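Sequences are here, hints too, so could you generate the full structure?
There are 2 protein chains.
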Amino acid sequence: MTLINENFLKLKDSYLFSEIGKRVSKYKDENPGKKIISLGIGDITKPLIPEVISAMHEAVEEMSRQETMKGYGPEQGYEFLRKVIVEKDYKSRGIKLEADEVFISDGAKSDCGNIVDVFDKDNLVAITDPVYPVYLDSNVMSGRKIIYISLKEENNFIPDLPKEKADIIYLCFPNNPTGTVLGKKELKRWIDYALENKSIILYDSAYEAFIKDKEIPHSIYEIKDAKKCAIEFKSFSKTAGFTGVRCAYCIIPKELKGYTKAKKEISLNLLWKRRQSTKFNGVSYITQMGAQAIYSIKGRKQVQEIIDYYLENAQIIKNTLKDYGYTVYGGENSPYIWMKIPGKMKSWEFFDELLREKQIIGTPGVGFGKNGEGYFRLSAFGDRIDIIEAMKRF
Amino acid sequence: MTLINENFLKLKDSYLFSEIGKRVSKYKDENPGKKIISLGIGDITKPLIPEVISAMHEAVEEMSRQETMKGYGPEQGYEFLRKVIVEKDYKSRGIKLEADEVFISDGAKSDCGNIVDVFDKDNLVAITDPVYPVYLDSNVMSGRKIIYISLKEENNFIPDLPKEKADIIYLCFPNNPTGTVLGKKELKRWIDYALENKSIILYDSAYEAFIKDKEIPHSIYEIKDAKKCAIEFKSFSKTAGFTGVRCAYCIIPKELKGYTKAKKEISLNLLWKRRQSTKFNGVSYITQMGAQAIYSIKGRKQVQEIIDYYLENAQIIKNTLKDYGYTVYGGENSPYIWMKIPGKMKSWEFFDELLREKQIIGTPGVGFGKNGEGYFRLSAFGDRIDIIEAMKRF
Numbered sequence: 001m002t003l004i005n006e007n008f009l010k011l012k013d014s015y016l017f018s019e020i021g022k023r024v025s026k027y028k029d030e031n032p033g034k035k036i037i038s039l040g041i042g043d044i045t046k047p048l049i050p051e052v053i054s055a056m057h058e059a060v061e062e063m064s065r066q067e068t069m070k071g072y073g074p075e076q077g078y079e080f081l082r083k084v085i086v087e088k089d090y091k092s093r094g095i096k097l098e099a100d101e102v103f104i105s106d107g108a109k110s111d112c113g114n115i116v117d118v119f120d121k122d123n124l125v126a127i128t129d130p131v132y133p134v135y136l137d138s139n140v141m142s143g144r145k146i147i148y149i150s151l152k153e154e155n156n157f158i159p160d161l162p163k164e165k166a167d168i169i170y171l172c173f174p175n176n177p178t179g180t181v182l183g184k185k186e187l188k189r190w191i192d193y194a195l196e197n198k199s200i201i202l203y204d205s206a207y208e209a210f211i212k213d214k215e216i217p218h219s220i221y222e223i224k225d226a227k228k229c230a231i232e233f234k235s236f237s238k239t240a241g242f243t244g245v246r247c248a249y250c251i252i253p254k255e256l257k258g259y260t261k262a263k264k265e266i267s268l269n270l271l272w273k274r275r276q277s278t279k280f281n282g283v284s285y286i287t288q289m290g291a292q293a294i295y296s297i298k299g300r301k302q303v304q305e306i307i308d309y310y311l312e313n314a315q316i317i318k319n320t321l322k323d324y325g326y327t328v329y330g331g332e333n334s335p336y337i338w339m340k341i342p343g344k345m346k347s348w349e350f351f352d353e354l355l356r357e358k359q360i361i362g363t364p365g366v367g368f369g370k371n372g373e374g375y376f377r378l379s380a381f382g383d384r385i386d387i388i389e390a391m392k393r394f
Numbered sequence: 001m002t003l004i005n006e007n008f009l010k011l012k013d014s015y016l017f018s019e020i021g022k023r024v025s026k027y028k029d030e031n032p033g034k035k036i037i038s039l040g041i042g043d044i045t046k047p048l049i050p051e052v053i054s055a056m057h058e059a060v061e062e063m064s065r066q067e068t069m070k071g072y073g074p075e076q077g078y079e080f081l082r083k084v085i086v087e088k089d090y091k092s093r094g095i096k097l098e099a100d101e102v103f104i105s106d107g108a109k110s111d112c113g114n115i116v117d118v119f120d121k122d123n124l125v126a127i128t129d130p131v132y133p134v135y136l137d138s139n140v141m142s143g144r145k146i147i148y149i150s151l152k153e154e155n156n157f158i159p160d161l162p163k164e165k166a167d168i169i170y171l172c173f174p175n176n177p178t179g180t181v182l183g184k185k186e187l188k189r190w191i192d193y194a195l196e197n198k199s200i201i202l203y204d205s206a207y208e209a210f211i212k213d214k215e216i217p218h219s220i221y222e223i224k225d226a227k228k229c230a231i232e233f234k235s236f237s238k239t240a241g242f243t244g245v246r247c248a249y250c251i252i253p254k255e256l257k258g259y260t261k262a263k264k265e266i267s268l269n270l271l272w273k274r275r276q277s278t279k280f281n282g283v284s285y286i287t288q289m290g291a292q293a294i295y296s297i298k299g300r301k302q303v304q305e306i307i308d309y310y311l312e313n314a315q316i317i318k319n320t321l322k323d324y325g326y327t328v329y330g331g332e333n334s335p336y337i338w339m340k341i342p343g344k345m346k347s348w349e350f351f352d353e354l355l356r357e358k359q360i361i362g363t364p365g366v367g368f369g370k371n372g373e374g375y376f377r378l379s380a381f382g383d384r385i386d387i388i389e390a391m392k393r394f
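One line per chain: the protein sequences are D and E, in this order. Heads up: the first sequence at position 70 corresponds to 70 in the working numbering, and the numbers run straight through without jumps. Heads up: the second sequence at position 241 corresponds to 241 in the working numbering, and the numbers run straight through without jumps.
A few of these clues could be false.
Remember, identical chains collapse to one label, so a pair may be satisfied in a single copy or spanning two.
For lysine to aspartate or glutamate, the following EDC-like pairs were computed, each having C-alpha atoms within a straight-line distance of at most 20 Å [to be verified]:
no.	residue 1	residue 2
1	145	6
2	34	67
3	10	122
4	185	222
5	26	100
6	198	6
7	145	120
Hints in this document: simulated from the structure, not taken from any laboratory. Everything numeric in this text was worked out from a predicted model, so none of it was measured.
This is the structure in C-alpha cells:
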C-alpha cells in the first residue's frame, strides 16, 4: 500500500497566490468588463531588456545548427554565467567567491524549496512572521519543527534573535512582504548568533537589485564570516524581469559546513551539488545566455532603468497612501509597500472590498502569517499608468 | 547546530555520468588531439527542428513587448501545452485524460527525483537492477528501503514480479539502459500486481518516441485500470532534442490514490499540484512554446525524421556488433544498445580500455547496478559519421 507523506495534510488548504487567483477569477466572471489593476502577486510587467532579447535570439539560432547546438549542460550551470556572477555581483563588492560556489537554477522558489533536502528532519527551523510562504510550506512538507520570529511594527519589522537555538534560519531582505531592509549592524547580530550556535542562515536576497541606500549590504557576505554560516539565494526574476523565463542562483560557500549527529563536519556545497546532479539537469542554455546578457555594460544600464522605474512606482504608491493618511512601510530599497489596514478590518475582508469597490488587487497580509493580519502588501511592479489610476481609485 | 541529511552519506561517491566525465577529461588532458567519439551519456547531437526554432524566436519576440510579454506562468504549465499533449499523445491512442492531469516540468530527471516528496518515508521501493541511477539515488537520499528486481539475460531483461509487496515500483520502458521493451501482456502483469497490492508504478517513458513495433504500448494507460495505479513520466529531451532546453511532463491521473497510515485515500494529483506550486514556478514560456511546436503537422514530421535517424544509428551499431560476434540487446524501439562484454572483463575496465585503445566512450553497465557488471551501454544519439567511424574502430 503506497503511503503518502502525511505532512502535506498539515499544510493550509491553498497556496496564497492560488487563492488570490481564484477570487479574482470569480470576480472577473461575475463582473465582465471591469478593469482590474493588480498590485498583487508581485509579478513584473516590463518586457525583457533588448540585450537579453538579442542574446536569447542568438542562443536559439545556435540551437538550430549542429555545430553550435547544446545538449545537456552542467547541472550547476554554465561556467560563463557562474563566472560573470562571481565577477559582477561579488568581486565588485569585495567578496571573493569561486565559480563552483555558484549554482544556477530555474528559480529562487525551487532553490528555497529544494534546499531542505540536504538537511536533517530534526533541525529546528526559524522563520519570520510574516514570511514568504515557501519557507514555511517546504518545511511543513518535510515535517520539521518551526519557530517564528515576529516582525512587528514597534520594531520597524526588524527581526529579533530567537531565544531558542534555531538550527536553520530563513531571512529575506529587502523583505518580502514588509519591504523593509537590514543594515550591516543588524545583519551582523544574526551572523554572530549563527556562528555561536553553529546554525545556518538561508538568506533570500531576491530583491537585492532594489537597494539604493549605500549603507545597506547587497550580499550577506559583505559581513565578516558570513561564508561560514550562510547560503544566499538570488534571482533574475525581479532584477531583470525573468519571472516567465526562470533563472536564479544560490551561493553555497565551500567553507560552509553542516554536521552529522556524530558532529562530523560536512561540506554543504558538496551535498547540494550532489542533490542537484541527482534531481536536476540544469537550466536551458537559451535562458542562461539571456541571464549572461544582463551583466554586459548595455545590459546593466537597461536593467537599471527598469529597476528605477519600479522604484519610482513604489515612491508614488508610498507617498500617495501617506498623503491619504495611511500608515505605510517599505517602498524604499524595495518594490513592496506594506500598508496598515485602517480600522479593524481583516486582511481578506480588505482584499475583497478593494477588489469589489475599487477593482484593485493586493495581497492580504495574513497570507504571509498571523502577524500579517491587518496589513496589506502592494507591489510596485505595475505599469505607471495603472499605478497612478490605482492611486486615484484608493 | 545544523544537522545534515545523513542519507546523503550512503550514496555512492559520484554520480555515474560525472565519473565518466572526469575520466574522459583526464584522458583528453593527457592525449590532446585524439578524436574521441562518445556513445556514452545518451545526449542527443541533432539540433532543434526548424518548427521549434521558429516558435522559440517568436516567443522571444513576445517577451520583448509589453503587450505580449509573459510573467509568472502557471506552475503546472500553460494550458495550450497541456491540452495539445492530452490530444496528441493520449486521445489519439484512445486514452482519455484531462489537462489538469498533466504537469509540465523542466525535465523528467526533476520529476523522477522530486516525486519522492509526496510519499511517506516508510514505503518499500522496488527498482530494477540495472537501473537509471536517479530512482535509486533519490530514494537513498530520502532514506527509503529499496528492493531490487533483477533484469537478467535469461529473462531477456524483462522484470519479474517481486516476492515482497513493494509499495512504489519504478519501471522504465523502452528501458534505459538495456534498450528492451515491455509488451502489453507483461505490462498488464505489473498493473495487476499494483492493483492487488495498492502499490503505485512510476512509469518512466522517456524513450517512448522510439517505439516502432505496433504491439508495444506507447503509454502505460493503454492497459486497463493503469490510471488507478500509475504515474507516467515523459520527456521532450530525446523525443525532440530538448536535453539543453529542459522540458518534460508527467501524468498523474485524478483517480490515482495514495493512503494515509489510517488508510484514508488521498489524491496524488492534488498532492503533486501542491508540491509543484510550493517548490516550483513553471517552465520558461519560450521553452513551452517550443514544446508546443513539436505537435504541429510540420513539427511531428521533422521530429519523426530525427527519431528515424537515431533508430538507423541503433541498427548500424547493433548489426555491426553482431557481425563482429558480440552479443547485443536493445536497439529496436530504443536508442540504446546493451552489449555483453566479451571475456571476463569488468565494465569499468572495458570503459577504460575502449577509451584508451579506440577513443570510444560508452557507459559501463555496472554504473546502472551490480547486474550491469559485464555489460556496456552504447547510445545511438551520435552523428552518423561518428557512429560509422566508431564501428570501424571496434
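Exercise for the section: Quick one: which hint numbers does this structure break? Sort them smallest to largest. Expected result: none
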